[in-house]
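Number of protein chains: 2
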Amino acid sequence: MREFYLRLPGPTEIPEEVLLKMARPIIGHRTNEFQQLFLAVTEETKKVFKTKNDVLIFLGSGTGGMEAAVVNLFSPGDTILLISIGVFGDRFGEIAESFGLNVEKLCFPWGKTYDPEIVKKAIYNDKEGKIKGVLVTHNETSTGVLNDLVPIKEILKDHQEILLVVDAISSLGAIDLKTDELGIDVAITSSQKALMIPPGLTLISVSDKAWEAVEKSKTNKFYWDFKKASANLKKGSTPYTPAVSLIFGLRESMKLIHKEGLENVFERHILLSRAFREGIKAMGLTLFADEQYASPTVTSVRMPDAVDPSKLRKILENEYRVFVAGGQQKLKDTIIRVGHMGYIDKFDIINTLWALGMSLDKLGCEVDTLSGIDKAQEVFKEV
Amino acid sequence: MREFYLRLPGPTEIPEEVLLKMARPIIGHRTNEFQQLFLAVTEETKKVFKTKNDVLIFLGSGTGGMEAAVVNLFSPGDTILLISIGVFGDRFGEIAESFGLNVEKLCFPWGKTYDPEIVKKAIYNDKEGKIKGVLVTHNETSTGVLNDLVPIKEILKDHQEILLVVDAISSLGAIDLKTDELGIDVAITSSQKALMIPPGLTLISVSDKAWEAVEKSKTNKFYWDFKKASANLKKGSTPYTPAVSLIFGLRESMKLIHKEGLENVFERHILLSRAFREGIKAMGLTLFADEQYASPTVTSVRMPDAVDPSKLRKILENEYRVFVAGGQQKLKDTIIRVGHMGYIDKFDIINTLWALGMSLDKLGCEVDTLSGIDKAQEVFKEV
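As you go down the protein sequences, you meet chains A and B in turn.
The first sequence begins at 635 in the numbering used here and counts up one residue at a time.
The second sequence begins at 635 in the numbering used here and counts up one residue at a time.
Calculated directly from the structure, the hints in this document are not laboratory data.
The structure presented is a predicted model; accordingly, all values stated were derived computationally and were not measured.
A hint or two may mislead.
[Stated by the list, open to error] Computed list of chain B residues with no C-beta within reach of chain A, every gap over 12 Å:
1) E650
2) I661
3) E678
4) L735
5) E738
6) D760
7) R902
8) K948
[Stated by the list, open to error] Okay, derived cross-link-like pairs now, SDA-like style, lysine to any residue, Cα gap no bigger than 20 Å in a straight line:
9) K852/B <-> G870/A
10) K948/B <-> G870/A
11) K852/B <-> S709/A
Ideal Cβ positions, reconstructed from N, Cα and C, are used throughout, including at glycine.
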């Protein structure tokens, strides 16, 4: 039997093909073979970003990628507008503050999306043009809310001097992010989410406008230097040793994604997440996030008052070998978070609903597991 | 037949056991299993560092680890003394300058070690006590020279306020580095050298004195923050997603190293490197580095005037599937560099000598391959 089932919002399960490719003997990063591979895989990722911009691949976690964006685009004292709807939005603001930026924070209630009117007001009130960039999370992993970025695009239409910087860590490769169409200057993702490879890579798209900002940035930097990465990429290389084995994995995951078809991958995530949410509701449980903006990659489920989420997770782990995440910070005792991104299919949705029902049952909490499964399969039958 | 033989000074070959462990399904980094693993593997690495100090493991390349040391220990305007004997010493200085440090450079001729008298003078002339740290490379990968750190320890004996920061990237795990005995405050290594796993981890030891400096550092930082890493490590965790699969690999490589015995690993590297050097000389070739300080992990070989190193490397790659490195910067047309660290045995030395002899022969350069092999086996017979 399978050792366990990862229903975390990252790291996510890794296809066997990817695991095996990463187990081949390693090659040197200054060899022709690596250089051709690195150039080819970079091109493949651009299709996932839906961009003609440069994509830089660094050895680091997603947080490293967020830091890289901040230190390359801005200078100490610069003002940025932060749109935060949860833990990872807040983190983006903390990073900016760590490097001396003046962070104008727009924080919205957890479980909801942002209010475009408030963003609009903040931008329009900035008569002196102090705001150099808008930092926003595409898919907030801590609450399971997907931000629609179209309103931001509209607001920024008349403010071409402002950079749009998007944390797409838990969305890219699972949720359609039209980087160029939305005018996103920098989008950041990482390897261990929808890209289905282990943690270790952060991928960053950089627009022409972003490159102009890079030229002006006075923030001290070395490891994350975009210019050095770009100069090396032209030769299929990296300034410092790259994560060779993860690049093997990324090539394979790109093959899998493009074989299924990018639009099919997006549709699959929408379908599976909808089935999961409908199942959850039919079981008698409550969704935490505003359903209108529910994330296709992670669902937050509000726990019944009588249920301690950490006890529930223990049962799920010990009896069903299913790993889900708890809530973060103030949501610790309120929700569980279920990841359904990357290497996932209908069986995973049904299994997770069933294991969740059985575990709640064991805790003495009455839920209607079969109705949950029935509702999920109804969603599947629709297509 | 084997696809290729990596005789690079990193990435180095990876034992099959390590490759296979990394191919197991990934686990969550906030799980008990990972936390226990991370704590255990951190303890195992301390033995390799020969330290009772903390060891922090970051997702990043060795250069990232060097940056982490600089941004955590110092503040803009601080003065540090750099001891450079090659490319990687220079890089350490560039990193320090990138973060606003005042770098007093002591650069020594490539192929030689540093002159302790000059270092002593620099320290003793610093009447105002401006020097906050000495940055030095243990094993210079660009030239194949091992710096003996004992003289530095002696010089710093009466200067307890100065931090000793050592780049041990191409030494730790292959060459005996007595971190505590030498009074090293921060030693940095990375995964893809003697630790025999793919690139992606940087490991950093931090002494009590270094922690005091960390408290005083005013350099902006987020991703590389030692304090956050240390606070999380107490719970077996990391502030941001760690490279889970590489931690699986590190556990396995620690097992292999401790199974062989750390001192035996060091002895093996000394023996193999000596056999290789003797073989090279007996073939009629010249070593680039001062033999008195020749590195046990990488050997630089001066090319005969008639030989273009890049042509030689092409033949080695195409006909013998042996990958060696070229010279860097001003040594590009002068040397080749042969790595013999980590997962390596007597066969590898003999094979490399033989392939090198055959390839030089093909280029019309007369060398005595058999004498080289004979001399190497004589060295092996001594023990």
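Checking the smallest CB distance to chain A, is E678/B really beyond 12 Å?
holds (21 Å)
E738/B non-interfacial with respect to chain A [C-beta, more than 12 Å]
Label holds. Min Cβ-Cβ 19 Å, cutoff 12 Å.
Please verify that the nearest CB of chain A lies beyond 12 Å from I661/B's CB.
violated (7 Å)
Is it the case that K948/B keeps its Cβ farther than 12 Å from each residue Cβ in chain A?
violated (10 Å)
Confirm or reject the statement that L735/B sits farther than 12 Å, beta carbon to beta carbon, from all of chain A.
violated (10 Å)
With 12 Å as the threshold, tell me whether D760/B passes as away from chain A on beta-carbon distances.
holds (25 Å)
Given as non-interface: E650/B, which should sit over 12 Å from chain A by C-beta:
Violated, since 9 Å does not exceed 12 Å.
Run the distance test for K852/B versus G870/A: straight-line Cα separation, threshold 20 Å.
violated (36 Å)
Hint check: K948/B vs G870/A, CA-CA at most 20 Å. Holds or violated?
Holds: K948/B and G870/A sit about 18 Å apart, inside 20 Å.
K852/B paired with S709/A [C-alpha distance capped at 20 Å]:
holds (17 Å)
Verify that the Cβ of R902/B lies farther than 12 Å from every Cβ atom of chain A, and report whether the claim holds or is violated.
Given that every Cβ of chain A is farther than 12 Å from that of R902/B, nearest at about 21 Å, it holds.
Comparing the model with each earlier hint shows violations of hints 1, 2, 4, 8 and 9; every other hint is respected.
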